[in-house]
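Turn these sequences into a full structure, and let the hints steer you where they fit.
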Amino acid sequence: MNKEISKTTIVVLSGKGGTGKTTISNILIEKLQSKVFIDCDVDAPNLHLVQKTNVKPIERGFVGLPKYKILQNQCIHCGICYSLCAYQAIDKKNITYTIDPYRCEGCSLCYVKCPANAIKEIEQIDGHTYIYKEEDKLFGTAQTNIGAGNSGKLVTEIRNQIRDENRKTEFEIIDGPPGIGCPVIASITNTNYALLVTEPSLSGLSDLKRIIQTALILKTIPVVIINRADLNIKLSTVIEKYLKDNDIIYLGNLPYDKNIIQKNNLEQYDEESIFFKKMNEIIKKLIELINKEKEI
Amino acid sequence: MKYILAANDKDVLANISPVFARAYYFAIYDTETKEVKFVENEASQSQGGAGIKAAQIVVDLNVDKLIVMRLGENSYNVLKLTDIQILQTPSDSIENIFTNCENNELDELENISKGFHGHA
Amino acid sequence: MVMPKLSIAFLSGKGGTGKTFVSTNFANSIESATYVDTDVEEPNGQIFFPSTDISSKNVLVKIPEFDREKCTGCRACVDFCKYNALIFIKRPFLVAEVCHSCEGCYHVCEHGAIKLVNKKIGEVETSIYNGHEIISGKMEVGQMSGTPIIKSAKETATSDLIVVDCPPGSSCLVLEAIHSVDYCVLVVESTSFGFHNFKMVYEICKSLNKQFGIVINKYDGVNTLVTDFADKNGIEILDIIPFDKEINDITSSGGLISNKPLYATRFNKMYHNILKQIKLGDNYE
Chain A
2 MNKEISKTTI VVLSGKGGTG KTTISNILIE KLQSKVFIDC DVDAPNLHLV QKTNVKPIER
62 GFVGLPKYKI LQNQCIHCGI CYSLCAYQAI DKKNITYTID PYRCEGCSLC YVKCPANAIK
122 EIEQIDGHTY IYKEEDKLFG TAQTNIGAGN SGKLVTEIRN QIRDENRKTE FEIIDGPPGI
182 GCPVIASITN TNYALLVTEP SLSGLSDLKR IIQTALILKT IPVVIINRAD LNIKLSTVIE
242 KYLKDNDIIY LGNLPYDKNI IQKNNLEQYD EESIFFKKMN EIIKKLIELI NKEKEI
Chain B
8 MKYILAANDK DVLANISPVF ARAYYFAIYD TETKEVKFVE NEASQSQGGA GIKAAQIVVD
68 LNVDKLIVMR LGENSYNVLK LTDIQILQTP SDSIENIFTN CENNELDELE NISKGFHGHA
Chain C
81 MVMPKLSIAF LSGKGGTGKT FVSTNFANSI ESATYVDTDV EEPNGQIFFP STDISSKNVL
141 VKIPEFDREK CTGCRACVDF CKYNALIFIK RPFLVAEVCH SCEGCYHVCE HGAIKLVNKK
201 IGEVETSIYN GHEIISGKME VGQMSGTPII KSAKETATSD LIVVDCPPGS SCLVLEAIHS
261 VDYCVLVVES TSFGFHNFKM VYEICKSLNK QFGIVINKYD GVNTLVTDFA DKNGIEILDI
321 IPFDKEINDI TSSGGLISNK PLYATRFNKM YHNILKQIKL GDNYE
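Residue numbers (the numbering used here), protein chains in the order written: chain A, 2 to 297; chain B, 8 to 127; chain C, 81 to 365.
There could be a bad hint or two in this list.
[To be verified] Partial chain A-side listing against chain B, Cβ under 8 angstroms, derived:
1) Gly65
2) Leu66
3) Lys154
[What the hints assert, rightly or not] Within a straight-line C-alpha distance of at most 20 angstroms, the following computed SDA-like cross-link-like pairs (lysine to any residue) qualify:
4) C:Lys170 x B:Thr89
5) C:Lys199 x A:Gln89
6) A:Lys235 x C:Ile127
7) A:Lys235 x C:Gly334
8) A:Lys121 x C:Thr132
9) B:Lys87 x C:Lys170
10) A:Lys259 x C:Glu326
11) A:Lys235 x C:Ser333
12) C:Lys162 x A:Lys93
13) C:Lys231 x A:Ala87
14) B:Lys72 x B:Asp114
15) A:Lys94 x C:Asn289
16) A:Lys259 x C:Asn303
17) B:Lys87 x C:Leu174
18) A:Lys210 x C:Met224
19) A:Lys235 x C:Gly335
20) A:Lys220 x B:Asn84
21) A:Lys114 x C:Lys195
22) C:Lys142 x A:Gln89
23) A:Lys235 x C:Asp329
24) C:Lys286 x A:Lys242
25) A:Lys259 x C:Lys142
26) A:Lys242 x C:Gly334
27) C:Lys199 x A:Lys235
28) A:Lys93 x C:Ser260
29) B:Lys87 x C:His276
30) C:Lys231 x A:Asp101
31) C:Lys162 x A:Lys242
32) A:Lys210 x C:Gly334
33) A:Lys114 x C:Glu190
34) B:Lys72 x C:Lys170
35) A:Lys53 x C:Met224
36) C:Lys231 x A:Tyr103
37) C:Lys200 x A:Gln89
38) C:Lys279 x A:Asn146
39) B:Lys9 x B:Asn111
40) C:Lys162 x A:Tyr103
To be clear, the hints were calculated from the coordinates, so they are not data collected in a lab. Idealized CB from N, CA, C, for every residue including glycine.
Listed below in structure tokens is the structure:
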């Protein structure tokens with residue numbers, strides 16, 4: 002009987018936006034020969050733009066909590082809904098009350114308390130999930146609808162759908178969202194490593210500290226890469242020192258490479274460039290680290 | 008004694024559902040009557056907090072033991088407030104699992120899957 | 081001439097395009113402008129306006145607490161909660177992580193058995209820099225939603241020109257940040273990712289009927305995805321800022337390029353372009 006290869010899940014995060022998560026996720030998927038990968042930046046997914054897909058995705062609507070609407074011809078203008086809404090989602094113009102669908106969080110209190118039954122429930126599609134199923138790879142992505150408040154749940158949904166496909170892989174890669182909120186938390190849970198991509202700026206360091214904290218709380222091992230390190234060598238050094246002082250694993254840095262930003266897929270990248278040479282070193286270090294952890 | 012597990016088909020020969028919170032049904036076995044009953048799992052339709060709601064349903068059914076393949080943190084945190092014993096099983100038919108449970112062949116659940124709202 | 085109260089939001093869709101860079105320098109270049117950082121998950125605007133005198137106020141939301149004596153076990157609260165944040169095991173319990181602070185359980189309890197208590201989810205910090213009010217919303221690590229913090233940060237602003245630095249993306253956080261603003265500046269990066277995500281916030285502005293314009297940042301002089309789109313759709317381009325080493329050096333070290341007169345003039349011009357555009361929309365005398 003074959004020994005089952007244990008899976009290592011790596012989520013690529015940054016705290017700060019625009020540091021290179023998707024670009025680096027894309028390279029990792031190729032270099033680690035990942036057969037299962039997910040774009041969890043559901044508010045602004047980009048991985049599908051650089052992944053070559055040969056099939057049409059299986060699309061599913063993701064139904065969120067219903068929202069509510071006031072039926073004006075039944076409303077008795079008592080203002081009870083307005084006084085109860087904890088989200089200030091009800092607008093008042095003279096005696097006319099309307100619910101702002103972008104502020105409404107679907108708690109249903111107005112619906113339950115309206116003395117005139119003048120509030121209607123409206124089903125909401127909060128977003129869509131897309132699964133690209135191919136023989137040698139399984140790719141999941143999702144997109145929230147504008148203003149949808151359920152990014153975190155959509156992340157959980159696409160991760161669950163991918164999990165239920167039961168595809169075997171040695172490395173599962175998750176391209177994560179920016180920030181530290183709901184969708185990030187949903188991307189980090191049940192992963193082994195959080196690969197944090199930062200940039201050499203005070204903003205980058207400030208955001209990095211908060212995402213490291215988030216990863217540690219959720220018991221995922223943070224490992225850090227400084228991208229575009231040569232744009233501010235002084236700050237790169239400051240960040241390296243911070244990581245060393247706080248016992249956070251530092252994998253290395255990458256130079257700013259104009260070509261990487263403008264190219265759309267891996268085939269156009271130059272493997273001889275310094276960027277790629279350093280990327281290969283980083284990946285080697287990462288694999289060594291993972292193998293060492295497995296032995297423990 | 009009453010045992011419960013999550014199922015996706017109303018058939019004792021079908022396998023246990025690998026997921027707990029969003030399975031379509033719960034199967035309940037009574038050691039006295041030796042009967043298996045299926046009830047709908049309302050939590051499967053939940054927008055969020057399905058694990059919590061599923062756990063609440065299990066609590067309200069007054070069972071003694073819950074058998075799962077895997078369990079999320081939200082469900083676990085609710086269940087640990089009760090005296091319900093949580094047991095683990097690999098994939099198998101519902102019938103076999105209940106038999107194994109009655110023969111005390113199942114171990115207690117060890118690993119909890121960290122939930123969407125996982126905290127330290 | 082007395083300027084009416086005006087709020088301008090800076091958003092981008094994609095992260096890292098330069099919302100904070102443009103908005104901090106914009107605020108710095110206009111007399112008495114207030115800067116509000118609503119990227120409450122990762123606020124870093126404060127870095128550019130260093131101050132030793134920062135006052136802080138807590139942002140609180142309500143969560144339920146149960147009175148065992150008054151509780152009759154009717155479970156109206158548990159049945160009401162859409163988030164499944166309440167469970168009943170001989171008495172009600174709160175699952176705090178999923179509570180959305182809607183206060184609904186308190187209102188549906190007919191036995192007075194629920195009390196609302198405060199829970200801190202973040203802070204709003206205020207300071208002054210060169211005559212500018214600097215306001216920063218900060219969410220506590222591990223919290224789920226920052227919306228109430230964004231509301232509180234915006235409400236704290238007192239001056240006549242409010243510059244709102246938004247979170248990345250297009251989620252409910254962004255919508256809260258641009259709620260009631262008069263104008264939106266879309267800060268775009270001229271790359272395929274940047275263009276793709278820009279289209280999302282473009283759609284938001286259009287569906288909310290917001291007046292808006294574009295600033296193209298870190299422009300490499302080559303990629304015309306955004307300029308072509310802007311030309312085709314009649315979108316106002318407020319400025320095109322090139323990818324520049326000096327800007328990068330100063331900004332990455334936490335400095336404001338608009339402290340140099342040449343750049344201050346440039347950002348001020350952006351402001352007047354906006355005013356011109358808005359006036360054409362008939363809102364101001």
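Hint by hint, here is what the structure shows:
1. Gly65: Since chain B brings a Cβ to about 6 angstroms from A:Gly65, closer than 8 angstroms, the hint holds.
2. Leu66: holds, 5 angstroms
3. Lys154: holds, 6 angstroms
4. C:Lys170 x B:Thr89: Status holds; Cα separation ~9 angstroms.
5. C:Lys199 x A:Gln89: This hinted pair holds, its Cα atoms lying about 19 angstroms apart.
6. A:Lys235 x C:Ile127: Answer holds: A:Lys235 to C:Ile127 is near 17 angstroms, not above 20 angstroms.
7. A:Lys235 x C:Gly334: Holds. A:Lys235 to C:Gly334 sits at ~12 angstroms (cutoff 20 angstroms).
8. A:Lys121 x C:Thr132: violated, 51 angstroms
9. B:Lys87 x C:Lys170: holds, 13 angstroms
10. A:Lys259 x C:Glu326: holds, 17 angstroms
11. A:Lys235 x C:Ser333: Answer holds: A:Lys235 to C:Ser333 is near 9 angstroms, not above 20 angstroms.
12. C:Lys162 x A:Lys93: Since the Cα atoms of C:Lys162 and A:Lys93 sit roughly 25 angstroms apart, the hinted pair is violated (cutoff 20 angstroms).
13. C:Lys231 x A:Ala87: holds, 12 angstroms
14. B:Lys72 x B:Asp114: The hint holds at about 12 angstroms.
15. A:Lys94 x C:Asn289: holds, 19 angstroms
16. A:Lys259 x C:Asn303: Status holds; Cα separation ~12 angstroms.
17. B:Lys87 x C:Leu174: Roughly 14 angstroms between the alpha carbons, so the hint for B:Lys87 and C:Leu174 holds.
18. A:Lys210 x C:Met224: Holds: A:Lys210 and C:Met224 sit about 18 angstroms apart, inside 20 angstroms.
19. A:Lys235 x C:Gly335: holds, 14 angstroms
20. A:Lys220 x B:Asn84: Holds - the C-alpha atoms of B:Asn84 and A:Lys220 are around 18 angstroms apart, at most 20 angstroms.
21. A:Lys114 x C:Lys195: holds, 19 angstroms
22. C:Lys142 x A:Gln89: Judged against 20 angstroms, a Cα distance of about 14 angstroms means the pair holds.
23. A:Lys235 x C:Asp329: Holds, at about 10 angstroms.
24. C:Lys286 x A:Lys242: violated, 46 angstroms
25. A:Lys259 x C:Lys142: violated, 49 angstroms
26. A:Lys242 x C:Gly334: holds, 18 angstroms
27. C:Lys199 x A:Lys235: Violated. C:Lys199 to A:Lys235 sits at ~40 angstroms, over the 20 angstroms cutoff.
28. A:Lys93 x C:Ser260: OK: A:Lys93 and C:Ser260 at ~14 angstroms, within 20 angstroms.
29. B:Lys87 x C:His276: violated, 47 angstroms
30. C:Lys231 x A:Asp101: It holds: about 15 angstroms lies between the C-alpha atoms, which stays within 20 angstroms.
31. C:Lys162 x A:Lys242: violated, 47 angstroms
32. A:Lys210 x C:Gly334: Answer holds: A:Lys210 to C:Gly334 is near 16 angstroms, not above 20 angstroms.
33. A:Lys114 x C:Glu190: holds, 13 angstroms
34. B:Lys72 x C:Lys170: Cα-Cα ~18 angstroms, so holds.
35. A:Lys53 x C:Met224: violated, 34 angstroms
36. C:Lys231 x A:Tyr103: holds, 14 angstroms
37. C:Lys200 x A:Gln89: This hinted pair holds, its Cα atoms lying about 19 angstroms apart.
38. C:Lys279 x A:Asn146: Between C:Lys279 and A:Asn146 the Cα gap is close to 13 angstroms, so the pair holds against 20 angstroms.
39. B:Lys9 x B:Asn111: With a Cα-Cα distance of about 14 angstroms, the restraint between B:Lys9 and B:Asn111 holds, given a limit of 20 angstroms.
40. C:Lys162 x A:Tyr103: holds, 18 angstroms
Of the numbered hints listed earlier, those contradicted by the structure are 8, 12, 24, 25, 27, 29, 31, 35.
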